[in-house]
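Residue numbers (the working numbering): 17 to 286.
Hints are computed from structural coordinates only; laboratory data are not their basis. Just to be clear, a hint being listed does not mean it is correct.
FRET-style restraints, in silico, Cβ to Cβ [stated by the list, open to error]:
{"hint": "1", "residue 1": "Val50", "residue 2": "Arg164", "range": "50 to 60 Å"}
{"hint": "2", "residue 1": "Cys37", "residue 2": "Arg129", "range": "26 to 36 Å"}
{"hint": "3", "residue 1": "Pro84", "residue 2": "Ala157", "range": "44 to 54 Å"}
{"hint": "4", "residue 1": "Asp180", "residue 2": "Gly89", "range": "30 to 40 Å"}
{"hint": "5", "residue 1": "Pro131", "residue 2": "Asp191", "range": "47 to 57 Å"}
{"hint": "6", "residue 1": "Gly89", "residue 2": "Lys56", "range": "30 to 40 Å"}
{"hint": "7", "residue 1": "Gly276", "residue 2": "Pro227", "range": "41 to 51 Å"}
{"hint": "8", "residue 1": "Ile108", "residue 2": "Trp240", "range": "49 to 59 Å"}
From the three backbone atoms N, C-alpha and C, an ideal C-beta is built for every residue, glycine too.
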Amino acid sequence: MSDDILESLDWCGEPVDCAACAHHGRRLDPETAVLPPGGKRPGHCLPMKTCVQDRYAKRIQRFFEWNPDLAAGHLDHPYFEVRANAARFAPIFQLPRLMSDPDETVRSVLARRLPRRLLLKLRDDPDREVRIAVAARLEDADLSPLMRDPDCSVRLRVVRRIPDGMLPAMMHDEDPEVRVEVARRLAMDWLPSLAWDDSPRVRLVVAQRLPASKLHILVPDPDWMVRLAVAGRIDTSQIGPLLDDPEEEVRAIARQRADGLAIANDLPPL
Numbered sequence: 017m018s019d020d021i022l023e024s025l026d027w028c029g030e031p032v033d034c035a036a037c038a039h040h041g042r043r044l045d046p047e048t049a050v051l052p053p054g055g056k057r058p059g060h061c062l063p064m065k066t067c068v069q070d071r072y073a074k075r076i077q078r079f080f081e082w083n084p085d086l087a088a089g090h091l092d093h094p095y096f097e098v099r100a101n102a103a104r105f106a107p108i109f110q111l112p113r114l115m116s117d118p119d120e121t122v123r124s125v126l127a128r129r130l131p132r133r134l135l136l137k138l139r140d141d142p143d144r145e146v147r148i149a150v151a152a153r154l155e156d157a158d159l160s161p162l163m164r165d166p167d168c169s170v171r172l173r174v175v176r177r178i179p180d181g182m183l184p185a186m187m188h189d190e191d192p193e194v195r196v197e198v199a200r201r202l203a204m205d206w207l208p209s210l211a212w213d214d215s216p217r218v219r220l221v222v223a224q225r226l227p228a229s230k231l232h233i234l235v236p237d238p239d240w241m242v243r244l245a246v247a248g249r250i251d252t253s254q255i256g257p258l259l260d261d262p263e264e265e266v267r268a269i270a271r272q273r274a275d276g277l278a279i280a281n282d283l284p285p286l
């Protein structure tokens, strides 16, 4: 349990004064303290390792790991790292008062702990990290408003969690990363609709998933990587146009498959 920061300053930048701390009675002597194999001494603190007065977030977190009984009493602390780490350990019924906390780090912690009825109130949080945390926990129809979130990272998390039946509503999302995820999960009945997507990455996923008999719609695709994927999977009865593809690698794959079919049918290679 080593720290890189070899100083102990409080959140105001002043040296930590253990003698003035309200929890001085829990202090272990760093010269003589012996930690058990788990590295934790419940009900204690240790300078430079676990301290609620230290501005270093890891030391604050360890303090509440060792002293979860003190978490609720620090939810109104002026330093956001103390509030955020206290919120990880405080009883859930104590947390709602932090839903309007000015710091997004604190609200992100709440988004990972609050029950659904309160979590819904954080869907419109101004910070995207909070909304991402919300999207990671909500289910089904509760995710609907976040499908139109202004931040693509939020929508990306949503598209990975919504039920299959809700995916068509995100087929035309403005961000190609989101549409790639849609293409990976979309039901086969809807998938051909993405064969004309503006993004070659989306069309490549389509080429990798469509049944071989339907890949002919991607034979004239403008992106050679898409055509290469098509050449490797398309029914050999439809591979003819790819034998004359302008890209050498595409032609090579098409010819290899066509020649393999000819040999299997005891015909001369093309």
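List, from low to high, the hint numbers that the structure doesn't satisfy.
Checked against the structure, the hints that fail are numbers 3, 4, 5, 6, 7, while the rest are satisfied.
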